[in-house]
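In the order they appear, the protein sequences are chains A and B.
Using our numbering, you'd call the opening residue of the first sequence number 1 and step up by one each time.
Using our numbering, you'd call the opening residue of the second sequence number 1001 and step up by one each time.
Among these hints, one or two may not hold up.
[To be verified] Reference excerpt, derived from the structure (chain B facing chain A, CB under 10 Å, subset only):
(1) Ala1037
(2) Pro1056
(3) Asn1081
(4) Asp1101
(5) Pro1265
(6) Ala1286
It is worth saying that the hints were derived from the structure and are not from the lab.
All C-beta atoms in this analysis are idealised placements derived from N, C-alpha and C, irrespective of residue type, glycine included.
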Amino acid sequence: MFAPFDLAAGWVQEHLLLPLLYQLGWMRWEDLAFGWALFAVYGAFQVAITFAVCMPLEHWRPVERWPDAKAVTVDVLYTVISRVGILPLLTFVAFYQIQVALNGYLTDHGWVPPTLELLFPSLIGQQMLTFVLYVMILDLSEYWRHRLSHMFGWWYALHSLHHAQRQMTFWSDDRNHLLDEVIGFLWFTAVALLIGIPPMQFPLLVLLLRFLESLSHANVRLSFGWLGERLLISPRFHRAHHGVRGAGRGSRNYGGVLPWWDRLFRTADFSPDYVPTGDPSAPEALATGGYLMQQRAGIGRMARALGKPARPDAKRSA
Amino acid sequence: MRLSLRPRLLLLLTLGAGLLGAGPAAAAGIAFAIDSAAASISVVDMARQMEIRRIPALREPHHLVLSPDGKDLIVGDTVGNQLLFLDPATGDIKRRLTVADPYQLGFSPDRKWLVVNGLARNQVDVYDAATYKLVKRFPLSSMPSHLVYSPDSAMVYVTLQGTDRLAAIDLNTLSVRWNQVVGKTPAGVLWNNGKLLVAAMGTDSLSVVEPADGRVLGRIVTGKGAHNLFHSPDKQIIYVNNRVAGTVVALDAATLKPLRTYAVPGGPDDMDFAPDGRIWITLRFAEKLAVLDPATGAIQTIDVGRSPHGIWLNPKAP
Ligand SMILES: [Zn+2]
Ligand SMILES: [Zn+2]
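Work out the full structure: start from the sequences and follow the hints.
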């Protein structure tokens, strides 16, 4: 069932990337290039599916209607960069070296990164179960990364780029500061050193999880019902996180796919409202600026947060 | 489902059977092909030319080698940091051994050593082949990819894909004898008539290298992206896989003159030889094995998993 995507990636590799790498004298990266081709093809399909499902939903029961949706355009760019283009390329090439150096150093000192299956040998052969466990652990780790990014002023200055959007749509999931993405990658690397990286036997499940994350940002009146809300994160649940009261410290609903961690750590908000989104404390450039302007504004806000020891959002906390 | 016959393959098999009626009978036995990006090993019925089973590996296996006593088929799971010991007749996993970053691996002809290249971690590990205990680790920059022994087992030669070099390790003194630039992005390496042949993947040729000191004596043009090379079972012919050109070139092993070029698209990588004279080749980007009849140039393909890399045939398997 993966074959069409894999073959498309193979075609990209064989007919576009390999000749290019050969011309540039970069053949040593051909294996990474194929990894990226697979990622990009699956990413493109992911975007297409998300668009096909979420677009009609947003037309059907929108939470908000805007006279113009100009601010959405930049989110489309974020999505393409993150799911198809530059970011996976950076992850595969630039960070590859960091990972290699780190792993090499650690193995020289006796640390071979384990995997969940080696820590719990009864998992060997249980690929689906293993995958589900990895999803749970990584989702938990993402919960804490996200929660911490709201606690530290300098970190929230970067993350506020994600919150500044007042026209939140299914495109908004990938709207993140580049530096925030780098921190996220290092966070993931650290987790990988402890429990390994998840097996990639199920790319379509990864696709489904990413779809749920996009859907949770959609501008649609959609709740999964009393039980569903407690099993998977719905657009209503994540909207509460993006609400104006969810910006900065003391937010709620930090989870990505599973709402369980918010319940466990008492940050869940299951109230039935569909609140307006945005971060009133963020400079306007973070909300409506172009891509580069937002990146610059994020750095600027971080510099100011680092400059003064006070809490950046103290003025709002009253 | 993955393992069911697709109509196209069915057609191919029907055609193949018709053509084969007049020719030699297909070999019996099973083939093992490693699906590096699917974390599995495909078991292929050689007579019916179809995948019959998949053995789950851990993360990202690449290469495999038969133990000197013929009792174990050893698969290196590079990202999973382990060696899998399979029953070469059935494919059952007998045991697992933790080894850091086993990418390429090979036993010395005198059965004394097992050398394991860690491509990602820039290390070449020399193991005692009897006990699988690490004897010495050589940090070598960078990306050690393929290896070959001298026939007397005194030396092992390792291509360093990232730095365009070939390193010669003296196994008696356990020291690096020389480390020389031999051509852009060296991959496969072969001992032939007292010389080393190195496939320089960043070029269209093989480098002929003097084993005593690493001097480059000449170049043999084979095709863009010269990646890997193998002796025919009678050692009369050398088959060279050209990754970018999508060809397999047959060279006369005595004169190194090209005999014939076969078009093999899809990223030809590793190969093994069936008793009926046909050559089984993994196609990295096509999710297939190619079965090439060197007499006629005819190719049949077999669907396997994502990014097939190492391959080993066991024609005697029931
Ligand atoms: Zn947040
Ligand atoms: Zn969000």
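Hint by hint, here is what the structure shows:
1. Ala1037: holds, 7 Å
2. Pro1056: holds, 6 Å
3. Asn1081: holds, 5 Å
4. Asp1101: At about 7 Å, which falls below the 10 Å cut-off, the nearest Cβ of chain A leaves the hint on Asp1101 (chain B) intact, so it holds.
5. Pro1265: Holds - the Cβ of Pro1265 (chain B) comes within 10 Å of chain A, reaching about 7 Å at its closest.
6. Ala1286: holds, 5 Å
This entry satisfies every hint, going by the numbered hints stated previously.
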